[in-house]
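Protein chains: 2
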Amino acid sequence: MKSGASEAGEDSKDSKPKGNRGISFLDFIMRIVAIVGTLGSAIAMGTSNEDLPSFKQFIRFKAEYKDLPTFTFFVVANGIVSAYLVVSLVLSILHIVMSGARITRVVLIFFDTVMMAFLTSGASAAAAIVYLAHKGNARANWIAICQQYNSFCDRASGSLVGSFIGVLVFLLLIILSALALSRN
Amino acid sequence: MKSGASEAGEDSKDSKPKGNRGISFLDFIMRIVAIVGTLGSAIAMGTSNEDLPSFKQFIRFKAEYKDLPTFTFFVVANGIVSAYLVVSLVLSILHIVMSGARITRVVLIFFDTVMMAFLTSGASAAAAIVYLAHKGNARANWIAICQQYNSFCDRASGSLVGSFIGVLVFLLLIILSALALSRN
Chain A
-9 MKSGASEAGE DSKDSKPKGN RGISFLDFIM RIVAIVGTLG SAIAMGTSNE DLPSFKQFIR
51 FKAEYKDLPT FTFFVVANGI VSAYLVVSLV LSILHIVMSG ARITRVVLIF FDTVMMAFLT
111 SGASAAAAIV YLAHKGNARA NWIAICQQYN SFCDRASGSL VGSFIGVLVF LLLIILSALA
171 LSRN
Chain B
-9 MKSGASEAGE DSKDSKPKGN RGISFLDFIM RIVAIVGTLG SAIAMGTSNE DLPSFKQFIR
51 FKAEYKDLPT FTFFVVANGI VSAYLVVSLV LSILHIVMSG ARITRVVLIF FDTVMMAFLT
111 SGASAAAAIV YLAHKGNARA NWIAICQQYN SFCDRASGSL VGSFIGVLVF LLLIILSALA
171 LSRN
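Going down the list, the sequences are from chains A and B.
So for the first sequence, this note's numbering puts the first residue at -9; every next one is plus one.
So for the second sequence, this note's numbering puts the first residue at -9; every next one is plus one.
Honestly, I wouldn't trust all of these hints.
No copy labels: a pair is met if it fits in one copy or bridges any two.
To be verified - Simulated pairs of lysine to aspartate or glutamate, EDC-like, Cα-Cα distance not exceeding 20 Å:
no. : residue 1 : residue 2
1   : Lys125    : Asp57
2   : Lys125    : Asp144
3   : Lys125    : Glu54
4   : Lys56     : Glu40
FYI, nobody ran anything at the bench for these hints, they're computed from the structure.
It should be emphasised that the depicted structure is a prediction, and the values quoted were computed from it without experimental measurement.
Produce the entire structure from the sequences given, and follow the hints as far as they go.
The following block contains the structure:
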C-alpha cells in the first residue's frame, strides 16, 4: 500500500489517498454495474428473433438482429465493452490497494474514454434504427416495421437501456478518475 | 501566473507547470480544430437540400435534413457542441495562464466528456441513417434513397467527417487534461 503511494511520487497527506480509496471502491462497484448493463444489452439483442405465423410458405417471416447491420454493430460493441470492463477490474482493484497511483489512472481514463465513445456509438446508431423501425419515415418511404415485428422491436428497444446505463457509468468513471488524480 | 499555481495548492517543481503550459496551449489549438469541424458539420448538413427535376407537379421531389429526425438531431448536437467549445476556450486560456489549476481541469474533463458523448451520439445516429440511405435494407423493405438523392446523400455523408474529427479531438482533450492533472 505504502509502496503504491510512493510509486506515484509525492504523498504529502494521508487523508487524500484514503479519500481516493473510497473513489476506487466506487469505481469498482460501478464497473460491475456497467458489465451487467452492457452484457445484458448484448445478450438481449443477440438472442432477439421473431417468427411470424407465415401464410405463404415461400416467404421467410423471421426477424433477428443480423438482419440489420447496425444491430450487429450494437451487439459487437456491447460485447467488446463488457469484456474490456471485466479486464479493467484488475486496474480498479489495483487502485483500491494503491490509492496514490497516477499513471495507471491516466491509462484507465484513456481506455474508458475510448470505450465510452465506442459504446455511445453503438447505442446511438441502434437507437436511430429502433426509432425508424417504430416511426418509419414517410419522406424516404421507409415503413415502420414494428407494426409487423412487435416482439422483436420491443426486445431491441429494451436492449438499448442497458447500453445507455453503461454510457452513464463510463461518464461517472471518467469523472471519478479525474477527481482521484486531482487529489493525489 | 504564480498566483494561479498557488491556487492549486502545492507546486513543488517549476518544470511541471511549464510542461502543463504546453499541454494547455495544445488544448487551445485542438479546441479551435474541433470548432471548425463541428460547426462545419452543422452548416454542411443544415444547408443540404436537393430538388429533383419533377415530372409530376403534385409530388414534392425535394430532400433536406429536416426530413429525417436523426439529421435534425445531428445538426442540433453539432451546433450545441461547437457553441460549448467556443465557451470552453475561456477555461482553456485560463489554463495557459494558470498551468497549475486543478479544479477547473476536472470541471473541463466533466463537460468535455458529456459533450463528447453527445457529439458521438449525434454523429453515430446520423451515420447509421446515412448507411441505410446508401445501402437500404432488403429485409426491412427500406430502399436505398441515395440512388435518387445523390447530391443530398453526398452532402450528408461528407458532413459526418467534421463531426467524427470533433469526437477524436475530444478524446485527445480529455487525455491531455488527465495528463496535466497527473503532472500537477
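(Q) My question is about Lys125 and Asp57: at a cut-off of 20 Å on alpha-carbon distance, are they close within one copy, between copies, both, or neither? (A) Intra 18 Å, inter 13 Å, cutoff 20 Å: intra and inter.
Q: Using 20 Å as the alpha carbon limit, work out where Lys125 and Asp144 are close: within a copy, between copies, both or neither.
A: Only inside one copy: Lys125 and Asp144 sit 13 Å apart there, 25 Å across copies, limit 20 Å.
Q) At most 20 Å between C-alpha atoms: does Lys56 with Glu40 qualify within a copy, between copies, both, or neither? A) This pair counts as within: shortest intra-copy Cα distance 12 Å, inter-copy 33 Å.
(Q) At most 20 Å between alpha carbons: which applies to Lys125 and Glu54, within, between, both or neither? (A) This pair counts as both: shortest intra-copy Cα distance 19 Å, inter-copy 18 Å.
Of the numbered hints given earlier, the model fails none.
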